[in-house]
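Novice: Chain by chain, the residues run as shown.
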Amino acid sequence: MSKKTVIPIGPYHPLQEEPELFKLYCEGEIVRDIEWETGYNHRGIEKINESKTFDQVFFVVERICGICSTSHPFAYANAMEEVGRVEVPDRAKFIRTIIGELERIHSHLLWLGLAGHFLGYNTVFMWAWKYREMILDIFEKTTGNRNNYAMFRIGGVRRDIPNIHISDVKKMLDAIKPKLNLLLGAVMDDPVIHARTKKVGILTKEDIIDYGAVGPTARASGIAIDVRHDDPYAAYPLVDWKVITSDGCDVYAKTEVRLLEMLESVSIIDQCLDKMSHTKEGSIYNPVKEIPAGFGFGRAEAPRGEVFHFVKTDGSNSPARHKVRAPSYVNIATFKKSCIGQTISDATIILAAVDPCYCCTERMAFAYDYYSGKQIMNGLDLIRISQQKTKELKMKM
Amino acid sequence: MIKDLFYFLIFPGMIFSVLMGGILSWSDRKITARVQFRKGPPFLQPFYDIGKLFYKETILPEHGARLTFLAAPVFALFSATLANVFILLPSIFPGSGFKGDLIVVFYLLTIPSLSYIIGSLASGNPLASLGASREIKLIMSYELTFILALACIVIKSGMSLSISDIIAAQQEGGAFIGSVSGVLLFIVILFVIQAKLALVPFDMSEAETEIAHGVFIEYSGSAYAIIKMARYIMLFTLPSLMMTLLMGGFSLSGFGILWSILKLVVILLLITLIRNTNPRLRLDQAMRFFFIWMNLIAVIAIGLSIIKL
Chain A
0 MSKKTVIPIG
10 PYHPLQEEPE
20 LFKLYCEGEI
30 VRDIEWETGY
40 NHRGIEKINE
50 SKTFDQVFFV
60 VERICGICST
70 SHPFAYANAM
80 EEVGRVEVPD
90 RAKFIRTIIG
100 ELERIHSHLL
110 WLGLAGHFLG
120 YNTVFMWAWK
130 YREMILDIFE
140 KTTGNRNNYA
150 MFRIGGVRRD
160 IPNIHISDVK
170 KMLDAIKPKL
180 NLLLGAVMDD
190 PVIHARTKKV
200 GILTKEDIID
210 YGAVGPTARA
220 SGIAIDVRHD
230 DPYAAYPLVD
240 WKVITSDGCD
250 VYAKTEVRLL
260 EMLESVSIID
270 QCLDKMSHTK
280 EGSIYNPVKE
290 IPAGFGFGRA
300 EAPRGEVFHF
310 VKTDGSNSPA
320 RHKVRAPSYV
330 NIATFKKSCI
340 GQTISDATII
350 LAAVDPCYCC
360 TERMAFAYDY
370 YSGKQIMNGL
380 DLIRISQQKT
390 KELKMKM
Chain B
0 MIKDLFYFLI
10 FPGMIFSVLM
20 GGILSWSDRK
30 ITARVQFRKG
40 PPFLQPFYDI
50 GKLFYKETIL
60 PEHGARLTFL
70 AAPVFALFSA
80 TLANVFILLP
90 SIFPGSGFKG
100 DLIVVFYLLT
110 IPSLSYIIGS
120 LASGNPLASL
130 GASREIKLIM
140 SYELTFILAL
150 ACIVIKSGMS
160 LSISDIIAAQ
170 QEGGAFIGSV
180 SGVLLFIVIL
190 FVIQAKLALV
200 PFDMSEAETE
210 IAHGVFIEYS
220 GSAYAIIKMA
230 RYIMLFTLPS
240 LMMTLLMGGF
250 SLSGFGILWS
260 ILKLVVILLL
270 ITLIRNTNPR
280 LRLDQAMRFF
290 FIWMNLIAVI
300 AIGLSIIKL
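Residue numbers (numbering that gives the first Met the number 0), protein chains in the order written: chain A, 0 to 396; chain B, 0 to 308.
Any given hint could be a false lead.
With a straight-line Cα cutoff of 27 Å, these simulated DSS-like cross-link-like pairs (lysine-lysine) come out [what the hints assert, rightly or not]:
1) 3(A) with 38(B)
2) 198(A) with 373(A)
3) 38(B) with 22(A)
4) 29(B) with 178(A)
5) 29(B) with 129(A)
6) 136(B) with 198(A)
7) 129(A) with 176(A)
8) 136(B) with 178(A)
9) 38(B) with 176(A)
It should be emphasised that the hints constitute simulated quantities derived from the structure, not laboratory data.
Please build the complete structure, drawing on both the sequences and the hints.
Specialist: This is the structure in structure tokens:
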């Protein structure tokens, strides 16, 4: 039995932008085992939400993740509308869908650039991010913000997209299409990219089902799982689109799925804009007076997979319990299957291929003593420490 | 003695080649930036980099072999400089050099990589040792190709092992690149240069996103500045070796200077374009690339040069 070296990736490492730790147990270049630690960035958002009103929660959940900053409000709105049995006007449904799909394009472009960067292909990085800028321009035009769009509210959306803007948005979308096709060609026809990504990080259908992976990670293994299709919400049942899958099971298949999904998203947005122009301008939300006691859950397909929100209400104006499950939480676990037996060079691109988002996934971490295995601190202790600190600060003031 | 020191330290040695290497490094970064829709650094940026590093604190690894760790960059710098002097002097003073300096240059060009390996292993960092092991495997794969290419050039120049004879042979019979085997050699040596400079697609020994600059991870301050200088010199030395061996060498008179600069720029442009249009290869893929394809091309070139093609 040869000695295994531990190669750490993280907590701060050029591979990932967010703090997390992967321990690769290697023999030479081959990864034999993998362990990961998250919890560097826990913010207690579920707890914070219990002290906010229903309308304020939108702005908090928007900040769970900087990249998919509309999928969390989307899922939360779905949950709240289930609790309050609120109907959403058609125009709001279309606007929600447009924002969600624009976000998918921008997130996938961001991922494509990063994947190129991880492979040492910085030209792809810069090009993909340059074209992502065009999407952000559309966001700025339609919502007023480049990120954290603040578009959602219970029963509809906050801002309308006026009919006079529709032709402009369409023009901007048309300008993006050739760029997406260019990137598609650049990635699909590059023999060196094929050499680096094909047959790397295989996740079979069974693995996906065992680990419950979602989103493009699952669709790249031939499983057509997509909340937009399986549990239709917003305007997705009203437009014509298909779920993109691939049977490659490897990193290349994940790239392919994401690239084709971007083109599909462009077509969804196009149809939404067309249909939206026939609805009445200005009717973008149904006013909601109060939310009864009860519970509801909402799902939305984020760029990374299914986002799940559970809200329990008690008749007051804030959630009694709010539970969030982000897609990376299930996708990260598949590393155990896909990384082991690969080289370190491949392991890094496999880690990036599920497009992990650690700030969505962060959970409460407990500190254990290394030697005795005893728990040193739990959540209550940490709350106590935090309150003590606040008290001390107040004393000083 | 003083003349030799002048050759070594000022022209065409250390100072001149660092300057040239810095300029080439700037053009490489500028071209890269333009390809990627960026603005790129100002002209003096490579020299600002070195200057700043000399002011910075040099942090030594706590559990490493410190003397070896610090000596390695100096070895790299001196051997790169020496190789540069041996390559350029025969172009500047025709007929200088000695019999067999081609072999000396071959060895001197290997020493920078070897000293990076020794220095990184002395630091005791697991990522550095991983980078060192990758570098060793990479050296083993491309050196054979390199020596085959050099052998082919020796055959083409009529069995001469001295650089000035190779230049003289090209001045009589035209540059070697004008023949079929010369073009093949150009391709082979271009990829060897790419690997020796540790540029994409052969940068796995320092792969930033995998092992965080691998062999250089522990270097900082002046030690890293010396490494940067050695790398600038290599960026100038290897293309000029290519020019000397295949494209008739440098010339310092009239239009000759412009012609030399043009050759240098073309080689640099090719290197930069290769590095900007490829992702990093995996180690086993790089080894297969050199062992099978590049060696095959080099052997074909040798065969062609024997029948004078």
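Novice: It remains to establish, for every hint, whether it holds in the given structure.
Specialist: Structure-based check of each hint:
With a C-alpha separation of about 45 Å, the suggested pairing of residue 3(A) with residue 38(B) is violated against the 27 Å cut-off. Taking the CA atoms of residue 198(A) and residue 373(A), the gap is near 42 Å; set against the 27 Å cutoff, the hint is violated. With a C-alpha separation of about 38 Å, the suggested pair residue 38(B) and residue 22(A) falls outside the 27 Å cut-off, and the hint is violated. Distance restraint check for residue 29(B) and residue 178(A): the Cα-Cα separation of roughly 24 Å lies within the 27 Å cut-off, and the hinted pair is therefore satisfied.
A hinted pair counts as satisfied when its Cα atoms are at most 27 Å apart, and residue 29(B) with residue 129(A) qualifies at roughly 18 Å. Taking the CA atoms of residue 136(B) and residue 198(A), the gap is near 23 Å; set against the 27 Å cutoff, the hint holds. The straight-line distance between the Cα atoms of residue 129(A) and residue 176(A) is roughly 14 Å, inside the 27 Å bound, and the hint therefore holds. This hinted pair does not check out: residue 136(B) and residue 178(A) have alpha carbons roughly 39 Å apart, beyond 27 Å.
Using a Cα cut-off of 27 Å, the hinted pair residue 38(B) and residue 176(A) holds, with the two alpha carbons roughly 26 Å apart.
Taken one by one, the earlier hints fail for this structure at numbers 1, 2, 3 and 8, listed in ascending order.
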